[in-house]
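Enquirer: The chain contents come next:
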Amino acid sequence: MNLLQSAADGVLFGATYALIGIGFTLVFGVLHKINMAYAAVSVGGAYCGLLALSLAPAAPAWAVFLLAFAAGGVLGLAVYFACFHFIPLASPLATLMSTVGMLLLIDEVIIHVTAGMPRSYPAMFDDVMLQAGALQLRGDLLLVFAVSVACMGALLALLYRTPLGLATRAVSQQPVAAQLCGVRVVQVNALTFVVTGLLGGIAGALIGASVGTLSPLLTLPLTVKGLIVTVIGGLGSIPGAILAGLLVGALESLFQHFRGVTERDIYVMLLLFAFLVFRPGGIFGPRAGRD
Amino acid sequence: MLELKALSRHFGGVRAVDGLELSIARGEILGLIGPNGSGKSTTVNLITGLFAPSAGRVVFDGEDLTGAPTHRRVARGIARTFQNIRLFGRLTVWQNLWVAQNSPADRAERGFFARWLGGSRGVRERLAGLLELAGLAHRRDELAASLSFGEQRRLELARALATRPKLLLLDEPAAGMNAEEIGQLDERIRRLKGEGYTILLIEHHMELVMAVADRIAVLNFGQKIAEGPPPAIQADPAVRKAYLGSDAK
Amino acid sequence: MDFYVGLAQLIGVHALLGLSAYVVLLTGQVSLAQAGFFAIGAYAAGMLTVMAGWPLLAALPVASLAGAAAACAVGFPALRVRGLMLVIATLAFAEVVRLFFFNFDFQVARAGVKVGPLGGEGFRQIRYFPENAWTTLEVTLFIWAFVAAIMALLWWFDRSRFGTVLRAVGDDELAAQSVGISLTGAKVTAMALGGAIAGIGGGIYAHYTTHIEQANFNILLATLAIAYPLVGGLSNVFGTLVAVVFVQGLLVEGLRFLGDWRNLLFGALIVLAMNLRPSGLFGARGA
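In the order they appear, the protein sequences are chains A, B and C. Throughout the first sequence, residue numbering follows our numbering, covering 1 to 291 in sequence. Throughout the second sequence, residue numbering follows our numbering, covering 1 to 249 in sequence. Throughout the third sequence, residue numbering follows our numbering, covering 1 to 287 in sequence.
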């Protein structure tokens, strides 16, 4: 197993991190707040996807993914109402704490419902191997990558080609002016959560699919990783989150290759600190950090 | 007292301040005027150290302060008030003054331990005096955010004076005031001059500036287009053009 | 009765954790790193009493210093990041500390037995209190003596110019700079003080639980640390103490009868509390 193979696998897997990063960064861009519960929504959505299997044990993998996708959207909306709708804008710390509360809540619900046991997750094309030059690309990872890219494409199309997307971008730049132009800010905010929730749900499902199991222990590390990707990419920058996600995926794989699983995460953190010290704005952010 | 040499500040492609040469003599009141966007606020921010200049130097009392952080400039004697008042809203009136005793003279008076903890009686008396002068002694334990607009302006000035400055940068102090309040401001500025302060007054209110300033400098597009005593500025065609945009009378 | 004494000890230790976050929060820095300083203090004090045979009263100041030193290391780079980025950065720091101790093996032989931190298994047998025949009551009083002392210290700071300077920085950094306050000085000092307090708290924590491991110092602890002053409000130190009593006493322990479900309720209650009283129980003055 050589470096290049390691890196390639990492990049493919990193597409899921990119989706998580996009979720964090989009909410930040529009509402200027961090939704700490986002990764929990993602994992929660993935678990909901498994319900398809309980209802119809012979259900195909894509049905699970679809259900995860939808469930993510619902959970995202729930987080919006629990944490963002009622708390006044002037209390950013209260919002932050409430999203942490939601994170704990969703995590605990998952632990309870699954009795803390990891569940296996269906994958597609996991028996397929593509040969690309000297590299062997796993079919399921390729699918993960492809679906992630498709979602990113859909999101960008939504943001840049639809009226909703335009309204969203307007609200992120000037919320008051947007309101004065007749944009229903509440709707835009709520829909942002739904959209990011959808992305999160599918991301969670894809992570489950590529790892093979889904465990409640996934939530906190995924939160931290998602935040790292967001920061490295630049808060509020979607292209940044995409690039950073792939980068973190690749580097994580390489760190693991060199130093093993337990130390791997420390190096990812150090990468974060390096960015914070030298480029707090992230890859695509301004030189100096913004609030 | 204060010299700005070839001072420039660019923001991307915009030259907010461009090769500005300005000097203020000790004890004088220099008015700084110019249309909106002419670089007045940026100039103040360059003097106080909020921005670093893209080029040029800021020299105060013979000392080059160009790279110095803001709190060091304050210690050297530069104080400012803000166009949109920036009081510590969640602190009381008294506390707003209390945190401002950072001049070398006050530090020396406090001594080492008292520096962070209590305060000396001398400092306390001086600050109480400033509070009296601002007419706010009866409001001393109220939150600064609960004061009226005029009271807030007076508190902000008192706070600036609490740092024992030599140079006062007043950033549009007359904004939002009615005629009577401007009259009081006029008096206050003259009194400050009488007490020996040097003042840089940024203002849009022409009558006030013309009445109070010893000299006036005019900015437009980041450059100085005129400088001189008020009557000369009033008559200057370049100034008129900058404000009115054509050869209007 | 034992149950309540144990609870009192837990509340005491968590009060120290909350107070360490309180000091930093005054300057407007939301730090999730306090759990990291707490962990450093815990391991440091434990190692000194167990492996080097130090008395606890000598080990605690060192733990405090270790916490303060780590806090300075965090405090300076923290100046470069603002607001939410600081939250993420401090969270990442706390995670690094946890991961570090997950990989940390350092054992020596004492009286023929191997003692010391052992990576994922943690640091067991921190038996200073039992070995020196401390009664539970004495331990409780010890803990609360520290809590009282530190609260008194912070109460005094709050009334002094130091506290006002910190709050001014937290209120408006630009204005604070413009009246001659050094932002670096204020923010790093606050961070270091918070680290020192967390270090003591951690050192005491290690000894009263006798067994610490990396999982103890997770995101939940980091969140609790900042939740206490946020829920209690920043007006004064008592808010934080009341919040600790409320959260630990009523919620976590009082809901014991709910068994496993109480953790769930915990999250839900935070969400509810933040929606109902965004400025905390005791609110910031005038907020």
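Just so you know, the hints here were simulated from the structure itself, not pulled from any lab data. Treat the hints with care, as some may be off.
As the list claims (entries may be wrong) - Reference listing, derived: stretches of chain C covered by chain B, where coverage requires no fewer than 3 residues with Cβ under 8 Å from a Cβ of chain B: (1) 161 to 169; (2) 176 to 182.
Stated by the list, open to error - Residues of chain C placed beyond 12 Å of chain B at every Cβ, according to the derived structure: (3) A52; (4) A186; (5) L234.
Bear in mind that the values here come from a model prediction, so they are computed numbers and not experimental data. For every residue, glycine included, the Cβ atom is placed at its ideal position computed from N, Cα and C.
Enquirer: All the hints need checking, so say for each whether the structure fits it.
Expert: Okay, the hints, checked on the actual structure:
For the stretch 161 to 169 of chain C, the assignment as covered by chain B holds, since 6 residues bring a beta-carbon within under 8 Å of that chain's beta-carbons and 3 suffice. Three residues within the 8 Å Cβ limit are the bar, and the stretch 176 to 182 of chain C against chain B gives 7, so the coverage statement holds. Separation of A52 of chain C from chain B is adequate, the least Cβ-Cβ distance of about 34 Å exceeding the 12 Å criterion. Its beta-carbon lying about 10 Å from the closest one in chain B, A186 of chain C breaks the requirement of being farther than 12 Å from that chain.
For L234 of chain C, the shortest C-beta to C-beta distance to chain B comes to about 9 Å, within the 12 Å cut-off, and the non-interface label is violated.
Violated hints, listed in ascending order, are 4, 5; each of the other numbered hints is respected by the structure.
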